[in-house]
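J.: What follows is each chain in one-letter form.
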Amino acid sequence: MWKRCFTVLCVTFGLSGCAAYVLVEPDQPAAIGAELVVDPQVSWARVAYPTTNGSLWTIDGLGLNQLYFFTEVEAGKPMVRIQGQAKDAMPFYEESMIATDVMELVETTLTRLGNQQVEATNLRPAKFGPRNGFQFDLTMTSQGGLIVKGLCIAAQRDDELDALLFLAAEEYYYELHRPVVEKVFASIRPE
Amino acid sequence: MTRLAVTCCAVLAPLFSIILGNPAVAQMQNSIPIFRPSLNSDEGGLWMAVEEIEKDTQRSPLLVDDETLNAYVTDLVCRLAGRNCASVRVYILEIPVFNATMYPNGMMNVFTGLLLRAENEAQLAFVLGHEIGHFLERHSIQGFRKARDTNSFLAFLSLGAAGAGVNYVADAANMIATGAFYAFNRDQERQADVHGFNAIVAHGYDPIQGAELWKAVIDEQEANPRRRAPSTFAATHPSPEERVRSLTQRAYEIKAQSKETTDGLERFREIIQPLRSQWLETELNRGEPEESVALFSRLLSNETESAELQYYLGEAYRKRGEEGDLDKAVEAFESAAGSDGVPAQVHRSLGLLAMKNGKKVAARDSLIRYLALQPEADDHEMIRFYIDQL
Ligand SMILES: [Zn+2]
Numbered sequence: 001m002w003k004r005c006f007t008v009l010c011v012t013f014g015l016s017g018c019a020a021y022v023l024v025e026p027d028q029p030a031a032i033g034a035e036l037v038v039d040p041q042v043s044w045a046r047v048a049y050p051t052t053n054g055s056l057w058t059i060d061g062l063g064l065n066q067l068y069f070f071t072e073v074e075a076g077k078p079m080v081r082i083q084g085q086a087k088d089a090m091p092f093y094e095e096s097m098i099a100t101d102v103m104e105l106v107e108t109t110l111t112r113l114g115n116q117q118v119e120a121t122n123l124r125p126a127k128f129g130p131r132n133g134f135q136f137d138l139t140m141t142s143q144g145g146l147i148v149k150g151l152c153i154a155a156q157r158d159d160e161l162d163a164l165l166f167l168a169a170e171e172y173y174y175e176l177h178r179p180v181v182e183k184v185f186a187s188i189r190p191e
Numbered sequence: 001m002t003r004l005a006v007t008c009c010a011v012l013a014p015l016f017s018i019i020l021g022n023p024a025v026a027q028m029q030n031s032i033p034i035f036r037p038s039l040n041s042d043e044g045g046l047w048m049a050v051e052e053i054e055k056d057t058q059r060s061p062l063l064v065d066d067e068t069l070n071a072y073v074t075d076l077v078c079r080l081a082g083r084n085c086a087s088v089r090v091y092i093l094e095i096p097v098f099n100a101t102m103y104p105n106g107m108m109n110v111f112t113g114l115l116l117r118a119e120n121e122a123q124l125a126f127v128l129g130h131e132i133g134h135f136l137e138r139h140s141i142q143g144f145r146k147a148r149d150t151n152s153f154l155a156f157l158s159l160g161a162a163g164a165g166v167n168y169v170a171d172a173a174n175m176i177a178t179g180a181f182y183a184f185n186r187d188q189e190r191q192a193d194v195h196g197f198n199a200i201v202a203h204g205y206d207p208i209q210g211a212e213l214w215k216a217v218i219d220e221q222e223a224n225p226r227r228r229a230p231s232t233f234a235a236t237h238p239s240p241e242e243r244v245r246s247l248t249q250r251a252y253e254i255k256a257q258s259k260e261t262t263d264g265l266e267r268f269r270e271i272i273q274p275l276r277s278q279w280l281e282t283e284l285n286r287g288e289p290e291e292s293v294a295l296f297s298r299l300l301s302n303e304t305e306s307a308e309l310q311y312y313l314g315e316a317y318r319k320r321g322e323e324g325d326l327d328k329a330v331e332a333f334e335s336a337a338g339s340d341g342v343p344a345q346v347h348r349s350l351g352l353l354a355m356k357n358g359k360k361v362a363a364r365d366s367l368i369r370y371l372a373l374q375p376e377a378d379d380h381e382m383i384r385f386y387i388d389q390l
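From first to last, the protein sequence lines are chains A and V. If you number the first sequence the way this note's numbering does, the last residue is 191 and the count never jumps. If you number the second sequence the way this note's numbering does, the last residue is 390 and the count never jumps.
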């Protein structure tokens, strides 16, 4: 059942309905987690995302693009927690992980959420604020049959993981917003 | 958000039955006319809903377009379906789970997870024959009626339908969406097994192969401590033991007649092996390494020299990460590294494991070797970064 429907991205991360939006101003640094800020560049809508301790932004609506902030993911915890799911339903972040493992963690998380053909590529070093982090690209087919592309930047610190993950419909939206997203990534800094 | 799950119709089984036949294959002589229910019937409504699903399937990014593979599976289905060949249309989908499904209008979906798991043509034929059995028996319309009649929500949707097939479409679409009638009952599964079994016997295949495949898939699923969703052989099905037992018993009865049989291994491998590495990769990325370890070990036991399988088994151990698994991974990688036709990624895996274990010299050597073999690897920047740190 590969209905091409634009609500499909909503379920990408287990969002059932779509919650209330709060405006993220383009020119005000925005806090992400307890210790980081970014410059939003453009207006985003922030959505309460009850399944993780991160937050979720979108430009055009959750069905078309999503920017997830997974901040301070602790060792032994998953990046995404979905209410009602078993504790081990999602893979855990572990302190011993290196960049290649974190990339696999993101792939497995997306796969277990029901996406197909999840493939992460082009792992490369990237600055995450002042820290040495890494970045990679993603492609997948969502449960709704939409081809989705993604860009993820992440860094590890002690026993915690910070990651920003942008996902958008391959058709039109991914390339449209990628430059903005790269600027957001480049603006990551400690608060 | 359950995994897409599941297995041969048995499993999650999507919908229903099977049909036979195939558009890509010339219509067989003596073929029977394609059945089509009246639009003014519930079955007609079900077909219309399923035709929408078929249109989506035709546009699915998961569709595998390899011509040789499509011709091979289509031809096999057509032979098994016999006179009903023209009624079945085969779509191969790159989905790593073990499954094939038959829809009531003749659409058959074959997942690459089935093609990866079957060890030979006889095993594949058994599953396809089983699905065709559901189709010929029109099990899906029975399931549809039962689910409709026992589900007040759907009954409500039917109000005002006044018997016109068009109005059943909403019912059918809702039932498909909610999974209301995915599962066949025990008797239907038994019947389908008999169809699959008879089909392989009639075509001269080794009759034990059906039971062999079921057994292997049960073992694989049972290896996974997280598998809570009904497995392929869920409650509504005959128990796995019963199924394997009755198939095995029948196979020995047939074997006692000492007819010559084939497992179709050579032709199967010729088609499957060139395409397999992509499916091994997607299986590994399914994120169920316990099952991948069981599967890759089984495949490797038939092809002990395969560097490709050794590499993927090593990766599955590495991802499973149980006590002793990293050593088993290294062992598998090292044995792959010494063989011909080894994927360059073996050196990457060896290097990264050595790096995590603090073995800097070994890590550096392996990572340099990986980049020497694959200088344009998509992760070359990261690997160079690691090499510089070592
Ligand atoms: Zn079945």
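These are calculated hints, taken from the structure and not from any lab test. Hints may be right or wrong, so weigh each one.
What the hints assert, rightly or not - What follows is a set of in silico ranges between Cβ atoms, one per label pair, in the way DEER data are often shown: (1) V:Thr304 x A:Asp158: 28 to 38 Å; (2) A:Leu176 x V:Glu323: 24 to 34 Å; (3) V:Gly338 x A:Asp39: 14 to 24 Å; (4) V:Lys359 x A:Gly76: 35 to 45 Å; (5) V:Glu242 x A:Lys87: 28 to 38 Å; (6) A:Gly84 x V:Asn357: 47 to 57 Å; (7) V:Ser339 x A:Asp39: 47 to 57 Å; (8) V:Glu322 x A:Asn132: 27 to 37 Å; (9) A:Pro26 x V:Asp340: 56 to 66 Å.
Unchecked claim - Here are the simulated lysine-lysine pairs, DSBU-like style, with alpha carbons at most 35 Å apart: (10) V:Lys255 x A:Lys87; (11) V:Lys328 x V:Lys356; (12) A:Lys149 x V:Lys356.
C-beta atoms are modelled at their ideal positions from N, C-alpha and C, and glycine is treated no differently.
J.: All hints, please: hold or fail.
T.: Tested hints:
no. : hint                            : result
1   : V:Thr304 x A:Asp158: 28 to 38 Å : violated (44 Å)
2   : A:Leu176 x V:Glu323: 24 to 34 Å : violated (48 Å)
3   : V:Gly338 x A:Asp39: 14 to 24 Å  : violated (52 Å)
4   : V:Lys359 x A:Gly76: 35 to 45 Å  : violated (26 Å)
5   : V:Glu242 x A:Lys87: 28 to 38 Å  : holds (33 Å)
6   : A:Gly84 x V:Asn357: 47 to 57 Å  : violated (38 Å)
7   : V:Ser339 x A:Asp39: 47 to 57 Å  : holds (52 Å)
8   : V:Glu322 x A:Asn132: 27 to 37 Å : holds (31 Å)
9   : A:Pro26 x V:Asp340: 56 to 66 Å  : holds (57 Å)
10  : V:Lys255 x A:Lys87              : violated (48 Å)
11  : V:Lys328 x V:Lys356             : holds (15 Å)
12  : A:Lys149 x V:Lys356             : holds (30 Å)
The structure fails hints 1, 2, 3, 4, 6, 10 (numbered hints given earlier, in ascending order).
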